[in-house]
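Colleague: What follows is each chain in one-letter form.
Number of protein chains: 4
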Amino acid sequence: MALLPEVKSHYGRLKMYIDGEWFDSESGVYRETTNPATGEPIAEYPIALPEEVNRAVEAAEKAFEEWKEMELRRRIQYIYRLREKFEEHFDELARILVQDHGRTIEEARGSIRRSIENIESACAMAYTVAKGEHVDQIARNIDETLVYEPLGVFAIITPYNIPVHAWSSFVPYALALGCTVVVSPATACPVISNWIFKVMEEVGFPPGVANLVYGGREINKTLVSHPSVQGVGFIGSTRVGRELYKLVGELGKRASINAGAKNHVVVMPDADLDVVVPRLLRAFYGMTGQRCLGSDVLIAIGDVYEELKRRFVEASARMKLGYGLDESVELGPMTTAQARQRVLDFIQKGLDEGAKLILDGRNPKLEDRYAKGYFLGPTIFDEVTPDMWIMKEESFGPVACIIRMESLDDAIDLINNNTYYGHSASIFTTNINYARDFRRKVNVGNVGINVAIAQPYAFFPLGSRKASFFGGAHSRIDTLRLFTDVKIIVSWRY
Amino acid sequence: MALLPEVKSHYGRLKMYIDGEWFDSESGVYRETTNPATGEPIAEYPIALPEEVNRAVEAAEKAFEEWKEMELRRRIQYIYRLREKFEEHFDELARILVQDHGRTIEEARGSIRRSIENIESACAMAYTVAKGEHVDQIARNIDETLVYEPLGVFAIITPYNIPVHAWSSFVPYALALGCTVVVSPATACPVISNWIFKVMEEVGFPPGVANLVYGGREINKTLVSHPSVQGVGFIGSTRVGRELYKLVGELGKRASINAGAKNHVVVMPDADLDVVVPRLLRAFYGMTGQRCLGSDVLIAIGDVYEELKRRFVEASARMKLGYGLDESVELGPMTTAQARQRVLDFIQKGLDEGAKLILDGRNPKLEDRYAKGYFLGPTIFDEVTPDMWIMKEESFGPVACIIRMESLDDAIDLINNNTYYGHSASIFTTNINYARDFRRKVNVGNVGINVAIAQPYAFFPLGSRKASFFGGAHSRIDTLRLFTDVKIIVSWRY
Amino acid sequence: MALLPEVKSHYGRLKMYIDGEWFDSESGVYRETTNPATGEPIAEYPIALPEEVNRAVEAAEKAFEEWKEMELRRRIQYIYRLREKFEEHFDELARILVQDHGRTIEEARGSIRRSIENIESACAMAYTVAKGEHVDQIARNIDETLVYEPLGVFAIITPYNIPVHAWSSFVPYALALGCTVVVSPATACPVISNWIFKVMEEVGFPPGVANLVYGGREINKTLVSHPSVQGVGFIGSTRVGRELYKLVGELGKRASINAGAKNHVVVMPDADLDVVVPRLLRAFYGMTGQRCLGSDVLIAIGDVYEELKRRFVEASARMKLGYGLDESVELGPMTTAQARQRVLDFIQKGLDEGAKLILDGRNPKLEDRYAKGYFLGPTIFDEVTPDMWIMKEESFGPVACIIRMESLDDAIDLINNNTYYGHSASIFTTNINYARDFRRKVNVGNVGINVAIAQPYAFFPLGSRKASFFGGAHSRIDTLRLFTDVKIIVSWRY
Amino acid sequence: MALLPEVKSHYGRLKMYIDGEWFDSESGVYRETTNPATGEPIAEYPIALPEEVNRAVEAAEKAFEEWKEMELRRRIQYIYRLREKFEEHFDELARILVQDHGRTIEEARGSIRRSIENIESACAMAYTVAKGEHVDQIARNIDETLVYEPLGVFAIITPYNIPVHAWSSFVPYALALGCTVVVSPATACPVISNWIFKVMEEVGFPPGVANLVYGGREINKTLVSHPSVQGVGFIGSTRVGRELYKLVGELGKRASINAGAKNHVVVMPDADLDVVVPRLLRAFYGMTGQRCLGSDVLIAIGDVYEELKRRFVEASARMKLGYGLDESVELGPMTTAQARQRVLDFIQKGLDEGAKLILDGRNPKLEDRYAKGYFLGPTIFDEVTPDMWIMKEESFGPVACIIRMESLDDAIDLINNNTYYGHSASIFTTNINYARDFRRKVNVGNVGINVAIAQPYAFFPLGSRKASFFGGAHSRIDTLRLFTDVKIIVSWRY
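Chains as they are written, first to last, in this note's numbering: chain D, 59 to 552; chain R, 59 to 552; chain F, 59 to 552; chain S, 59 to 552.
The set of hints was computed from the structure by calculation and includes no laboratory data. From a predicted model like this one, the values you see are computed outputs, not experimental measurements. There's no promise every hint is true.
Which copy is meant is left open, so a pair is good if it fits within one copy or across any two.
Lysine-lysine pairs mimicking DSBU-like chemistry, simulated, CA-CA at most 35 Å apart [as the list claims (entries may be wrong)]:
#  : residue 1 : residue 2
1  : Lys430    : Lys304
2  : Lys279    : Lys378
3  : Lys499    : Lys120
4  : Lys499    : Lys256
5  : Lys256    : Lys423
6  : Lys256    : Lys414
7  : Lys120    : Lys304
8  : Lys450    : Lys66
9  : Lys367    : Lys143
10 : Lys143    : Lys256
11 : Lys126    : Lys499
12 : Lys414    : Lys524
13 : Lys430    : Lys450
14 : Lys499    : Lys143
15 : Lys73     : Lys279
16 : Lys524    : Lys450
17 : Lys66     : Lys279
18 : Lys499    : Lys279
19 : Lys126    : Lys524
20 : Lys524    : Lys367
21 : Lys450    : Lys126
22 : Lys304    : Lys499
23 : Lys120    : Lys367
So here's chain D without its partners, still in its complex pose:
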């Protein structure tokens, strides 16, 4: 079985990137990161000192003065070159993403493609959506103009599960709009985050425009609290997100906090299961369940329940696990041993609550060379009830709960009231009225109609509500409202 080549087997000690230079942290604290398919170490990353974080912010602040004044046409050319560099390094980025994170190569390619679309969307936004407004003679001899001005330095905090896509959901937009950034990636995938900055370095951004620090939660408070930081773009858990939103409230700053989820898929009796089942596999097990848009609960309406359950279990059981650089693999490992353990705990909790495990992925069979990998197979709970904890919280692993309900209204009620999240929900039906009722009534940010992963394309914001989102602006094209503020000019001709 041929694997795609790894870019390197070990990436050494990762450096931080501040003010256009790479350098080692003076903290001396380095931690190891592993390839989740093998458990082998692939790099070490530093924990930044507070003063290093501050230096990054100050570099960004200094760079901001010229970057914001740079003419739009010229600034956008950097973003276009960023797109070209991502195309040029496409394969390499995808392979490192697999090596660092664990997903399949196809999933990795999808992530890089989505990230390129974010870069494109940032260019488009800067040319069109970010245009200001002007009204002449609004009152006698008075004209008014509105411009969007970049606010300054932003902290961008990315999660381990989508290290590239999360970066791309904020950074290209911030830069296109004239802001500068300090990126603090989650420490579980430090290699790919490093590589993104190597690509950015090739683009030749002015020093300080984009900076990279390592340390994760240990340094994020320092970063966000720096008085020059105007706000934060965050993707991560609800618990951490809430803390951050509180901090931001105290500091009087801005935030786009994208947090956890508990996503439901409803299958109506009229749905075609030949279409439904393959789409469910990607939704429940894609990125091994480590995905804010991944599905958690499968709701079968009425008698479709038995047939749907049978086919979903069968198809799930057939999925091929392994190292994502093997093109034939359908399910990669969890990203870290801890992430795997949390899912095992989740499963145990379900068993303790009395749910029935009808597909058990806890001890998947794998080739010997992956014996130390953090693998979990598709896992399905039946006989769940709404009051169970596993029906309310996310597993963030390849775990599905299946439940039968009698009506669409019951399902909508469960989606809206059984969890405090509000990220996404999907329905499979060919009935136009079911589809309308569902999309209007579910209180979530993203709705899928015959699509299980309700992921909007880059030039739409990613919706999100309730405990899945805190802040005034969503990610992507909506970041115009995060990174800039309006200035209104009132002119009187006398």
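Chains R, F and S: place on chain D using the hints.
Modeller: Relative to the frame of chain D, chains R, F and S by itself:
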């Protein structure tokens, strides 16, 4: 001297308006409010019990279910009728506003007109700006739709200085977009807030759509903390605004916190003082200085200083004080005795710091019948230095500081760095390059070019930055981002 | 049987309205117009002299100079007052519309309501959609601003079938945007057009802003050819529209030419006929078929044909004819004797071609007092084939053709290729995939899904294609592109 | 003196590009085209047969079926690749443009850069501006959606003076929006047009999406008249444009006809001539005057006249003529001998009318090897009067008229009333009020403030009015209104 007639001489005990009904608070706690021109009591207002506040929220929450589902065409007709009712009651509203708040009748008329424009802007927004988006075939057989959905109940907290305009900066927009509200007005102007709800009652909104509670800061925390309240629209001081933003951060809610200001006016040597001076009077003394867009510091560039000072002092000294219902009056009283005292303290502070009082409005001459009114005349400090407290904080009264600086760059530096506010700044010049440099470089939300009060019209947001604003959405037409959230629908044809 | 009261029994000699004054044409040529329910004369209207038309244009041109310069806030207040006046005269306008045109009172009320929505939409557009754009620092020290400027005088030519709605699709927008107009209504409904101008007069528009001339096609070429006329908004037949578009091409002017239609309704086998049939009645017979969005051909897919035909014929046969001022009447008369004759000719043509008349409305029974009215009852052809002339051209009367086809693709092929029109098409189905395929594949401007009359609301343009539309801007909110042109300002700071 | 290398010395017989293939015209009619700097032949181009034009349209029509259905994300990737290919071939395109057209290499580089910006703007538009709209629950259970659908095949007719920029003002937008094109370039610059298609071929567009035919005016009527052609994008002379607009009117099609110009520059007494004069040189002589935005008339207000004239003449006289591939050259030749002759005729006309030639560029000195080139030097007329023909019509060569006027109002009056064009006008002033009055009052599409060439960037439309423009949509980002039409979908949930 003929005054316009007061609508009533005393308005009795004001009631609260909850779920479409008027009723007395069961708290039994009532406080007196006075006509600021005479010091005479004109009404009593209650301090609501927490359970009354909660009842208001619950009424709003219940009303939300039908209000959000109401077809757009029908819902907007309520807002159009609201506009008609405001036109119908125009004079009466203006006169009560004078009686309750103290401004001149011309200023009151301006406020009602601006409020009507907000109502119009809310209608316009609902028909156009609030349109969702749709892209067909974004991917193979996949379409995407974005809709703006109303979020639910909002707390609207209005200040004593602009009780109608602040109401109009949020409430018509919230209602047009399908949200419901609980309004908690500042207690210094309870009568006009009451009257607005009488007008709204005439419109015939469904019960619970808009509710009124009294109690000010004593009840606002209860209101904002109610779990059904989705967020808050606030206009008031920076101190209270910061507390509120912190609370909102803890609660994970949304906010548009419009706070204090320290506004500068720069006069370049090329400016025509015949034009400048009359505009300065309105800017520094309009609404007796109780205005977030009111001017605080007059910066004369170079040799224009002496002439400008002389003419500004002369014109200021000539302003006629009195009861605003007298059409000839140019300056009304402060709204409350406390507000007057705070300005006196501010002036004393300036004297203590060594500033020179070249126009002293502390003991203005008035007719006997206004002897107990809360009057202050135009007051001007000269010989101020940037480090003085009075050059950093707002007086919120008819107090000007005048300072000479040598260059536009110096002035911009003062504006950007000598105060932590970022609300507005103006320049008087006929030079196109000065104007561009000024508008681009000042770090404030609203910029005036040859206009001292840089107040945008309703269908622009009111800009604001730094300690003058906290949140993700500005008031007025920008409240689309406060009151609604996006939902993105991804549909796959199979 | 009680009728609503007529506003007047005879309106005398109608005057023209030019430069803010009413006056008689000096042509001396007057023609009679009748109440279509009774055939009785209700007014006389003049045929304007060319010099009178020119005078109207010159008045409009003169008025344009001040109207375009009027501050936006003030100009829009006229449009708001226009809305109020329409509300105030709502009943009276509806009744005159019935008397002049023949429709039912409910249809007339719908038209006035739609017209008010156009007025509202014009206000909304002026405040939001008509905002210009501004980009700062697009190149080094260069800013760009785009404004929409009104172009001048426009000719508005309205048809006899929707005299109010057509007026409202152009005039409020033109005025809101700063243009001035000369309206030339079709001569078959001159009374209601006159009344609209009486309402406008009450609003108090400055003289010359809106002018009314009579004469129809005899004067339209004169009007459009006047060098001061910038373009034309037209609703009428394809034949006249094409001529006009050709003239406009020769003259180098602008146009929005909204022309004829041949509209299809497809009923899929899964549709619920209890829902479908009542909606079909309004679609095929509403305004007695004199409606560009009215349906012409009913396509039944597969076996639903027999049942659908039976129920449609039965329901059609039961419709109550009579004078529209009788609230119980469901179908009014044709507007003129000629219009009625054209429909009779259409029916005869169908018979000659071999189509089978399964419901014959040519000689409906009516009370004696309506014996001279221009009535026609619902008429249905079966056994039609695509090659028949009646399947390609519009009847503009209450005539339906029903045809069975075997697949949705066949139906779409007929809609796209059997007629040169491209106005609207509808489908009845509950299947989400049928609905998507239909809306994407039919080459028409307006698509109905389970709605037979695919009429968008005012703040959407009315779509239209192929021989149903000529020009660069549609009516309503799209008229921004008709009445204004962009000006781009490039400013360089040196 | 070193020249940049020519790409080839002779390009042979140019082929046409139809349905993804290159081939010779069967007409057998070939014409020669020359290098304007030397008069040497550099290629031959064919005159297409009508059936070849038709074949191109039919290829485009066939390609349209799939191209319009292609998912947006995928279609836009072609346009991104087009941008990359333009970057890759940047130098080569610039050099061929010099060789074929005659401008300086710097001017050529500017044109290619502007063209790349159009490609970028097309991508941005497709992602943002071309989004449709959606409103839920507009009426009870009724939703409405608006989509922009591509219309089909468009004829793109480009002029000899801006063969690349004109192509880029239409083609990338048409393709991005899902339309297909047949391009008919002016025959004076056939080589560069050919090269653009070679670049497009490298991108790998599906066959038929973009087609190239030669023949210019001889074939354009055939092209536009083909029933499958939906409309035309044209840049060229007013005379030809008018004919085309008339044809389009007869045919009932769409058009964006961008025609001639007579552009004025006003210099106010307060302007800094050190800034003004260098900008005037580019404005009057850039592209040897062959530019729709090029300046024609220099209006000096008051006493600045003498000094401005002196300095303008001196600077003009110093310009270096020669072959554009010489980097030191400031002024290239006219494109063709005929174009040169037309300018000579224009100059003669001016002399005949009594204007005074104060700088005569008719017989410029050049090196021998350019003796057969079509050179003209800067030419300036003084003592002109508004009634002269040369003050009303464009020279389309390096010819300036200078005139003194006493006030800004006089200048505006001349600009608005002395010519029937309405393309652009500029003012040099530092006075904010002059600038506002000028930009508001001049009746042209593009206004320059301290910039002589008022050329908006790609993501603004190019404004234009009166006899300078005919149609409903401008070029560039405004072509959304040319290439697509709205479809409105009304859905009723029952």
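Colleague: All the hints need checking, so say for each whether the structure fits it.
Modeller: Evaluated hints:
In this assembly of identical chains, the alpha carbons of Lys430 and Lys304 never lie at most 35 Å apart, being 39 Å within a copy and 46 Å across copies at closest. For the identical chains of this complex, Lys279 and Lys378 are neighbours neither inside a copy (41 Å) nor across copies (55 Å), given an alpha-carbon limit of 35 Å. In the homo-oligomer, the alpha carbons of Lys499 and Lys120 lie at most 35 Å apart only across protomers (16 Å), although the nearest pairing inside one protomer, at 48 Å, exceeds that limit. For a Cα distance limit of 35 Å, the shortest separation of Lys499 from Lys256 across copies, 34 Å, qualifies, whereas the shortest one inside one copy, 45 Å, does not.
Taking identical chains as interchangeable, the C-alpha atoms of Lys256 and Lys423 are never at most 35 Å apart, the minima being 37 Å within one chain and 55 Å between chains. Taking the shortest alpha-carbon separations for Lys256 and Lys414, neither the intra-copy value of 48 Å nor the inter-copy value of 60 Å comes in at or below 35 Å. Both within a single protomer and between protomers do Lys120 and Lys304 lie at most 35 Å apart by alpha-carbon distance, with minima of 28 Å and 29 Å respectively. For a Cα distance limit of 35 Å, the shortest separation of Lys450 from Lys66 qualifies neither inside one copy, at 41 Å, nor across copies, at 58 Å.
Proximity of Lys367 to Lys143 under the C-alpha cut-off of 35 Å is found in neither arrangement, the shortest distances being 45 Å within a copy and 51 Å between copies. In the homo-oligomer, the alpha carbons of Lys143 and Lys256 lie at most 35 Å apart both inside one protomer (10 Å) and across protomers (25 Å), since each shortest distance falls under that limit. Only between protomers do Lys126 and Lys499 lie at most 35 Å apart by alpha-carbon distance; the minimum there is 11 Å, versus 42 Å within a single protomer. With identical chains, the CA atoms of Lys414 and Lys524 are at most 35 Å apart within one copy only, with a shortest distance of 30 Å there and 55 Å across copies.
For the homomeric pair Lys430 and Lys450, the shortest alpha-carbon distance inside one copy (31 Å) is at most 35 Å, but the shortest distance between copies (63 Å) is not. Proximity of Lys499 to Lys143 under the C-alpha cut-off of 35 Å is restricted to the inter-copy arrangement: shortest distance 34 Å between copies versus 43 Å within a copy. With identical chains, the CA atoms of Lys73 and Lys279 are at most 35 Å apart within one copy only, with a shortest distance of 21 Å there and 47 Å across copies. In the homo-oligomer, the alpha carbons of Lys524 and Lys450 lie at most 35 Å apart inside one protomer (14 Å), although the nearest pairing across protomers, at 39 Å, exceeds that limit.
Taking the shortest Cα distances, Lys66 and Lys279 sit within 35 Å of each other inside one copy (33 Å), while across copies they are farther apart (57 Å). In this assembly of identical chains, the alpha carbons of Lys499 and Lys279 lie at most 35 Å apart only when taken from different copies (30 Å versus 38 Å within one copy). Taking the shortest alpha-carbon separations for Lys126 and Lys524, both the intra-copy value of 34 Å and the inter-copy value of 18 Å come in at or below 35 Å. Proximity of Lys524 and Lys367 under a CA criterion of 35 Å is satisfied intra-copy only: 30 Å inside one chain copy versus 51 Å between copies.
Only between protomers do Lys450 and Lys126 lie at most 35 Å apart by alpha-carbon distance; the minimum there is 27 Å, versus 45 Å within a single protomer. Within a single copy, Lys304 and Lys499 get their C-alpha atoms as close as 30 Å, and across copies as close as 31 Å, so both meet the 35 Å cut-off. For the homomeric pair Lys120 and Lys367, neither the shortest alpha-carbon distance inside one copy (58 Å) nor that between copies (38 Å) is at most 35 Å.
In terms of the numbered hints stated before, the structure departs from hints 1, 2, 5, 6, 8, 9 and 23, listed from lowest to highest.
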